[in-house]
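2 protein chains.
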Amino acid sequence: MKKHNFSAGPCILPKEVLIKAADAVMNFNNDNLSLIEISHRSKPFVEVMEKAQILVKELLDVPEGYSVLFLQGGASLEFLMVPYNLMRDGGKAAYTNTGTWAKKAIAEAKKFGDTIVVGNSADKNYNYIPKGYKIPEDADYFHCTSNNTIYGTQMKEFPYCPTLMVCDMSSDIFSRKIEISHFDLIYAGAQKNMGPAGTTLVIVKDEILGKTGRNIPTMLDYTTHIKKESMFNTPPVFAVYVSMLTLQWLKALGGVEQIEKMNQEKSDLLYNEIDRNPLFTGTAKKEDRSNMNVCFLLTDENKKDAFDKLWNETGIRGIKGHRSVGGYRASIYNSMPIESIQVLIDVMQKLEE
Amino acid sequence: MKKHNFSAGPCILPKEVLIKAADAVMNFNNDNLSLIEISHRSKPFVEVMEKAQILVKELLDVPEGYSVLFLQGGASLEFLMVPYNLMRDGGKAAYTNTGTWAKKAIAEAKKFGDTIVVGNSADKNYNYIPKGYKIPEDADYFHCTSNNTIYGTQMKEFPYCPTLMVCDMSSDIFSRKIEISHFDLIYAGAQKNMGPAGTTLVIVKDEILGKTGRNIPTMLDYTTHIKKESMFNTPPVFAVYVSMLTLQWLKALGGVEQIEKMNQEKSDLLYNEIDRNPLFTGTAKKEDRSNMNVCFLLTDENKKDAFDKLWNETGIRGIKGHRSVGGYRASIYNSMPIESIQVLIDVMQKLEE
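Chains Z and S, in that order, are what the protein sequence lines are.
In terms of the numbering used here, the first sequence has 99 at position 99, counting the first letter as 1, and numbering is strictly consecutive.
In terms of the numbering used here, the second sequence has 216 at position 216, counting the first letter as 1, and numbering is strictly consecutive.
One or more hints might be untrue.
If chains are identical, the list can't say which one is meant, so a pair holds when it fits in one copy or spans any two.
Unchecked claim - Derived BS3-like pairs: lysine-lysine, alpha-carbon spacing no greater than 25 angstroms straight-line:
id	residue 1	residue 2
1	Lys-228	Lys-103
2	Lys-2	Lys-20
3	Lys-320	Lys-228
4	Lys-111	Lys-228
5	Lys-227	Lys-104
6	Lys-43	Lys-309
7	Lys-320	Lys-43
8	Lys-304	Lys-43
9	Lys-2	Lys-350
10	Lys-227	Lys-103
11	Lys-43	Lys-2
12	Lys-110	Lys-134
13	Lys-228	Lys-104
14	Lys-211	Lys-92
15	Lys-3	Lys-20
16	Lys-111	Lys-320
17	Lys-110	Lys-227
18	Lys-228	Lys-110
19	Lys-251	Lys-285
20	Lys-20	Lys-92
21	Lys-350	Lys-111
22	Lys-303	Lys-177
23	Lys-111	Lys-227
24	Lys-104	Lys-304
25	Lys-251	Lys-261
26	Lys-303	Lys-261
27	Lys-156	Lys-20
28	Lys-211	Lys-111
29	Lys-111	Lys-92
No lab work stands behind these hints: they were computed from the structure.
Produce the complete structure using the sequences and hints provided.
Shown next, in the form of structure tokens:
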């Protein structure tokens, strides 16, 4: 049975990417060696790393003066690398608290120094994006989370920022056009729109680094990885390669501009059904609804078993909501075809009948 | 043409592991979903993580009181996690300097506090393992590197250690029997004997942690990963799965005891040829020769082109020595079949004729 994979991450990847990835595990570059058993210093792999970096720059229109890195450790390691690299000893940072991941980022920053929360949507279980807050000019940097997978909210606009602007874009990078020059540091775990778990994309403005006076451990210092072009130590070869394949797929599709249109169409389709169908209700404030993670509840909990049976029978997977919100969460990242969303809508309509 | 992959790492993996890994990228667990697009919290993947941990415990006979972790960041991240977790504020650590990787570990420790080098083979370009040194009792821990890939040396015995014993076993773990109880913390990048690049194995005695008084960032604190059973954040799913497959392969083969015999046989074969053939000479002191990385030089540099042509024609790859030593390095890890070593020996004998 064909599966419709609505997982929040690791999540669906394009079929052609999976086929090429499996091929490379057996025979990479027609050299009768596996991608995962060749030296990362070999020419074929160095080319993969270079291509991946160039694709990021092309797809996101990254200006001069920024470096593109592929690191390890996920966004969770970035939570501490950001203050290590950007918060001066005795300095201060400003954060928005828009959910679970933002809270974790804040907790790490607090280990390094004064960390203030300038916008917070905890009062309504993070079902909206805080707005109208002021970022203090004397903060070393401001940190926000562009998309909140668990709560299904997304920043549609970014605030005026009088200091360095840092953003965790793990769950919506490459899904929409972003003006990179508005940001000083962007990071994103690969496992939503870019590739498999195991690598983290970092886009950083070179000139902001080296100014904190901190004695940073080598592996946690962004300048280490810039100097060595993400090859300071053995990179996660497979994750970088599959990310490169996914970015190639995105480019061939028409790039970020094209996928943004498709994502809008897909999410409109699903939100329209949620709003139309009396059996369902969305959890996020309408203006802040995420195009990546669509969270919704049954209006009548007694219909739960019937609904679960219906979607399960059609091959839908990974649609259970996070325990913090309950209900359902349809994660509809870049690689999710509109056909799978139609299958879900059909099920929702079948339940209504 | 069949290739004989002598790369130092990432390096050769068993053929059956590659086949299973490629299959899982297309269809994991017969669920018509890829291994790399399912949730890491799903039952099938949680089972992979558990199996991998159990296999490590079985194969290395890990006693009670130790935790087995699969982390990210390679040995290079461990270089700083070790002092972060084990060196008291104002404390002291003792290291041996046996080559490039040991030096990097020492450099990180120095960022955290007093770091003394108790054994050092830099005087002879690291061609031997220092012995007879004394580890100070007041050191918070002692750190050594069990095998030095670049220089082809290996610790055959481990010193008496009056403090915590930490060992970087990246390049020879699972190659020979090790008495785990002699160690308090062992770490190893996966990409030699365990799997693809992208995960790091850590075996740590639980009771040694939480005693430094340091404010450790969450992701760098071993206790975080122990509590969450290596699932604090999204693990490198593919690297952990392929590691599990390789450990299953090793268990089916007869475990560490059996592979140790095979490794001894393989390295004896090659070292005997190096010692017998007047065209070659080994670089490491005989008693310290590594069973994993066999480093050798031509006695007559004029024969270089002829030798390079010969081995290249037979499908041998990855045999060039590291620039710090020059000459040749045959990395003959667990998965390297004796037949490939015979091919190399045949080439060496052909050159002699």
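Checked hints:
1. Lys-228 - Lys-103: For Lys-228 and Lys-103, only the inter-copy Cα distance (18 angstroms) is at most 25 angstroms; the intra-copy one is 32 angstroms.
2. Lys-2 - Lys-20: both (20 angstroms within a copy, 21 angstroms between copies)
3. Lys-320 - Lys-228: Close across copies (22 angstroms), not inside one copy (42 angstroms); limit 25 angstroms.
4. Lys-111 - Lys-228: between (28 angstroms within a copy, 20 angstroms between copies)
5. Lys-227 - Lys-104: For Lys-227 and Lys-104, only the inter-copy Cα distance (16 angstroms) is at most 25 angstroms; the intra-copy one is 29 angstroms.
6. Lys-43 - Lys-309: So Lys-43 and Lys-309 pass the 25 angstroms test across copies only (19 angstroms; inside, 51 angstroms).
7. Lys-320 - Lys-43: Between copies only: 14 angstroms across, 44 angstroms inside.
8. Lys-304 - Lys-43: between (54 angstroms within a copy, 22 angstroms between copies)
9. Lys-2 - Lys-350: within (19 angstroms within a copy, 56 angstroms between copies)
10. Lys-227 - Lys-103: between (31 angstroms within a copy, 19 angstroms between copies)
11. Lys-43 - Lys-2: This pair counts as between: shortest inter-copy Cα distance 20 angstroms, intra-copy 38 angstroms.
12. Lys-110 - Lys-134: Within one copy, since 20 angstroms is at most 25 angstroms while 41 angstroms is not.
13. Lys-228 - Lys-104: between (29 angstroms within a copy, 15 angstroms between copies)
14. Lys-211 - Lys-92: within (14 angstroms within a copy, 29 angstroms between copies)
15. Lys-3 - Lys-20: both (20 angstroms within a copy, 21 angstroms between copies)
16. Lys-111 - Lys-320: neither (34 angstroms within a copy, 46 angstroms between copies)
17. Lys-110 - Lys-227: Result: close only across copies, 21 angstroms inter versus 29 angstroms intra.
18. Lys-228 - Lys-110: Between copies only: 22 angstroms across chains, 30 angstroms inside a chain, cut-off 25 angstroms.
19. Lys-251 - Lys-285: neither (32 angstroms within a copy, 54 angstroms between copies)
20. Lys-20 - Lys-92: neither (46 angstroms within a copy, 50 angstroms between copies)
21. Lys-350 - Lys-111: Cα proximity of Lys-350 and Lys-111: none, with 51 angstroms in one copy and 63 angstroms across.
22. Lys-303 - Lys-177: Neither: 39 angstroms inside a copy, 58 angstroms across copies.
23. Lys-111 - Lys-227: between (27 angstroms within a copy, 20 angstroms between copies)
24. Lys-104 - Lys-304: Answer is neither: 32 angstroms inside a copy and 56 angstroms across each miss the 25 angstroms cutoff.
25. Lys-251 - Lys-261: within (14 angstroms within a copy, 51 angstroms between copies)
26. Lys-303 - Lys-261: The answer is neither: 34 angstroms in one copy and 63 angstroms across copies each exceed 25 angstroms.
27. Lys-156 - Lys-20: For Lys-156 and Lys-20, the Cα distance exceeds 25 angstroms both inside one copy (34 angstroms) and across copies (43 angstroms).
28. Lys-211 - Lys-111: both (19 angstroms within a copy, 18 angstroms between copies)
29. Lys-111 - Lys-92: both (12 angstroms within a copy, 23 angstroms between copies)
In this structure, the hints that do not hold are numbers 16, 19, 20, 21, 22, 24, 26 and 27, in rising order.
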